[in-house]
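J.: In case you want the letters, here they are:
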Amino acid sequence: MSETQSLRAWLLTETPTSRRHAKLSAIYHAWLSFRTNTMAMIGLIILVLLVVVAVVAPWLAPADPFAQTLANRLQPPGTDGHILGTDSLGRDLMSRLIYGSRITLYIVGLVALIAPITGLLVGTVAGYVGGFTDMVLMRITDIFLAFPRLVLALAFVAALGAGIENAVLAISLTAWPPYARMARAETLTIRSSDYISAIRLQGAGPLRIITKHIWPLCISSLIVRVTLDMAGIILAAAGLGFLGLGAQPPSPEWGAMISEGRRFILDHWWVATVPGLAIFTVSLAFNLLGDGLRDVLDPKDSEK
Amino acid sequence: MTMLDIQNLNVWFGHGRDRVDAVKGATFSVDRGDSFGLVGESGSGKSTILRAVTGLAPDWSGSIKLDGTELAGQREKAFYKTVQMVFQDPYSSLHPRHSVDQVLGETLYLHGFKDIDTRVVKLLDDVGLGGKFRFRYPHQLSGGQRQRVAIARALAPEPEVLLLDEPTSALDVSVQAEILNLLVDLRTENKLTFLMVSHDLSVVGHMCERLAVMKDGEIVEIMEVEALRKMQATHPYSQELLAASV
Numbered sequence: 669m670s671e672t673q674s675l676r677a678w679l680l681t682e683t684p685t686s687r688r689h690a691k692l693s694a695i696y697h698a699w700l701s702f703r704t705n706t707m708a709m710i711g712l713i714i715l716v717l718l719v720v721v722a723v724v725a726p727w728l729a730p731a732d733p734f735a736q737t738l739a740n741r742l743q744p745p746g747t748d749g750h751i752l753g754t755d756s757l758g759r760d761l762m763s764r765l766i767y768g769s770r771i772t773l774y775i776v777g778l779v780a781l782i783a784p785i786t787g788l789l790v791g792t793v794a795g796y797v798g799g800f801t802d803m804v805l806m807r808i809t810d811i812f813l814a815f816p817r818l819v820l821a822l823a824f825v826a827a828l829g830a831g832i833e834n835a836v837l838a839i840s841l842t843a844w845p846p847y848a849r850m851a852r853a854e855t856l857t858i859r860s861s862d863y864i865s866a867i868r869l870q871g872a873g874p875l876r877i878i879t880k881h882i883w884p885l886c887i888s889s890l891i892v893r894v895t896l897d898m899a900g901i902i903l904a905a906a907g908l909g910f911l912g913l914g915a916q917p918p919s920p921e922w923g924a925m926i927s928e929g930r931r932f933i934l935d936h937w938w939v940a941t942v943p944g945l946a947i948f949t950v951s952l953a954f955n956l957l958g959d960g961l962r963d964v965l966d967p968k969d970s971e972k
Numbered sequence: 002m003t004m005l006d007i008q009n010l011n012v013w014f015g016h017g018r019d020r021v022d023a024v025k026g027a028t029f030s031v032d033r034g035d036s037f038g039l040v041g042e043s044g045s046g047k048s049t050i051l052r053a054v055t056g057l058a059p060d061w062s063g064s065i066k067l068d069g070t071e072l073a074g075q076r077e078k079a080f081y082k083t084v085q086m087v088f089q090d091p092y093s094s095l096h097p098r099h100s101v102d103q104v105l106g107e108t109l110y111l112h113g114f115k116d117i118d119t120r121v122v123k124l125l126d127d128v129g130l131g132g133k134f135r136f137r138y139p140h141q142l143s144g145g146q147r148q149r150v151a152i153a154r155a156l157a158p159e160p161e162v163l164l165l166d167e168p169t170s171a172l173d174v175s176v177q178a179e180i181l182n183l184l185v186d187l188r189t190e191n192k193l194t195f196l197m198v199s200h201d202l203s204v205v206g207h208m209c210e211r212l213a214v215m216k217d218g219e220i221v222e223i224m225e226v227e228a229l230r231k232m233q234a235t236h237p238y239s240q241e242l243l244a245a246s247v
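Which chain is which? The protein sequence lines are U and X, in order.
Under my numbering, the first residue of the first sequence is numbered 669, with each subsequent residue one higher.
Under my numbering, the first residue of the second sequence is numbered 2, with each subsequent residue one higher.
If you are wondering where the hints come from, they were derived from the structure by calculation, not from laboratory data.
Mixed in with the good hints there might be a few duds.
[Unchecked claim] Distance ranges between label pairs, derived from CB positions: (1) X:Ser175 x U:Trp699: 32 to 40 Å; (2) X:Val247 x U:His697: 48 to 56 Å; (3) U:Ala814 x X:Gly17: 30 to 38 Å; (4) U:Pro884 x X:Ser203: 36 to 44 Å; (5) U:Trp699 x X:Gly26: 54 to 62 Å; (6) X:Glu227 x U:Arg876: 42 to 50 Å; (7) X:Gly74 x U:Met707: 53 to 61 Å; (8) U:His689 x X:Asp126: 15 to 23 Å.
[As the list claims (entries may be wrong)] Below, in silico cross-link-like pairs of lysine to any residue (SDA-like), each with a Cα-Cα straight-line distance of 25 Å or less: (9) X:Lys66 x U:Arg868; (10) X:Lys133 x U:Ser701; (11) X:Lys133 x U:Leu679; (12) U:Lys880 x X:Phe134; (13) X:Lys115 x U:His689; (14) X:Lys133 x U:Ser693.
Glycine residues also receive a C-beta, built at the ideal position from the N, C-alpha and C atoms.
With the rest of the complex left out, here is chain U:
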């Protein structure tokens, strides 16, 4: 039996021998069921590529994304040395796109950390503790939900000043309430179940029950929701950039790049189209991944 075959058998065993073995086996099973979903795999591959591109950007980019050559401005795609053409200041669009992936990942990563965790915390505490705490936390959530998302983000950026960090903060502040609602709804169905009663009968406190027993059940649907929302987050970040309230020039943020290209969109379509296509691809990839993850992670399906 070859090395890989025995590893596979070890991972697929019915009777794991240790905690680590059981965990790895469960992950491998999830991976196998995820792999059968072609569309989700396409999404995953695109995102892995995006991460790789962001990491090796300095070696991958053909030119300096900030180097201006005014003599060479608004060259169409396919021009010598500029595969995707140049923008209004003669900067290489390909290089700007590659460096822009770093900013996109930075924004998405930070928002994906802040918003769901805040929402999970607020939602599960409100749902489990109930009573007055529930009322206060949920009314605060309602207030945030009542504001139109982009308008609230605009207000935050206007108050705090333009910039990527503030854009992240603004998007996070507007993105957490749906997660809180979802986490609370799930907590309400979980808290009255027998297995929570059972662990209470072992003397477990609320902190342990929330973090170890309620969170694991909320997290899978939260992850799915986050991946599906990623597209919206990228678009919100691009929207803020487009309005001039996100990343500031000369930063190669994709939304800001579209905003710059807008002035020449009729004569020089590629300046706005190239970053637009990038946003579209990454958003689509996140949506495909989210769909696939739902199939793997949804507890209702894993019963089968």
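Using the hints, position chain X against chain U.
T.: Just chain X now, kept in the frame of chain U:
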């Protein structure tokens, strides 16, 4: 010696106009090492008495004495080391995302045991599940196997009193007998006191020495199982129940 003494217990849910009195003036006691059954139809308040004893039903009045000490308000850790409960439905009493190992390991950890690994293996052996079930998840187990895990969890803190809330009613008939026999064996091995809820008179006849018949939240009759076997119920409702179960 009396292990569990319940005097004039009232349990209710809701307040004001929504108030529902689930148990009204229940009085009975269970001796150490005894097995006591609570019988009645659905909604007669049998399970509610168990929930009041464990503290899961917060609104109650009267007196519950465990081994001579009065229980009040929040239950302490020592209480959960003495009293444990097995739930009715093994399909909902195990966390769907926790493996058998996690369920038992966490219980043992919460009760301050140090030798968790050896104890998990021993518990699984005690309830007739081998070590190969240790890292399974609930959805990989059958109903009977799940109930065995739930029993192992209840036995983990080495309790003296086991509250059984219809432990077999969600199971197949063939599996029911296995679980009941397991419980009988465990009781003699660990010198446990049982308080068992059931709507099945034959189960109570098999498991218990004494029983109380409940109707609409009240205990209508307390009798010996011997009397049950001889069909000597005095209260008309108990006679009705007996007649229906033959």
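J.: Given the range 36 to 44 Å, decide if the beta-carbon distance of U:Pro884 to X:Ser203 lies inside it.
T.: Holds - the Cβ-Cβ distance for U:Pro884 and X:Ser203, about 40 Å, lies within 36 to 44 Å.
J.: Tell me if the straight-line CA distance from X:Lys133 to U:Ser701 falls inside 25 Å.
T.: holds, 24 Å
J.: For a C-alpha distance cap of 25 Å, please report whether U:Lys880 and X:Phe134 respect it.
T.: Given pair U:Lys880, X:Phe134 holds - Cα atoms ~22 Å apart, limit 25 Å.
J.: So the hint says 15 to 23 Å: do the beta-carbon atoms of U:His689 and X:Asp126 match that?
T.: Holds - the Cβ-Cβ distance for U:His689 and X:Asp126, about 20 Å, lies within 15 to 23 Å.
J.: Are U:Trp699 and X:Gly26 spaced within 54 to 62 Å by their CB atoms?
T.: holds, 59 Å
J.: Hey, X:Lys133 versus U:Leu679, does the alpha-carbon distance stay inside 25 Å?
T.: Distance of about 15 Å is within 25 Å: holds.
J.: Would you mind confirming whether the straight-line C-alpha gap from X:Lys66 to U:Arg868 stays at or under 25 Å?
T.: holds, 20 Å
J.: Would you say the C-beta atoms of X:Val247 and U:His697 sit inside 48 to 56 Å of each other?
T.: Since X:Val247 and U:His697 have Cβ atoms about 50 Å apart, the given range 48 to 56 Å holds.
J.: Is the straight-line distance between the alpha-carbon of X:Lys133 and that of U:Ser693 25 Å or less?
T.: holds, 14 Å
J.: Just to be sure I understand the hint, the distance between the Cβ atoms of X:Gly74 and U:Met707 should be within 53 to 61 Å; is that true here?
T.: holds, 56 Å
J.: With respect to the beta-carbon atoms only, verify the hint that X:Glu227 and U:Arg876 lie 42 to 50 Å apart.
T.: Holds - the Cβ-Cβ distance for X:Glu227 and U:Arg876, about 46 Å, lies within 42 to 50 Å.
J.: Mind checking the hinted window 32 to 40 Å against the Cβ distance between X:Ser175 and U:Trp699?
T.: holds, 38 Å
Going down the numbered hints, you'll see the structure goes against none, and every one checks out.
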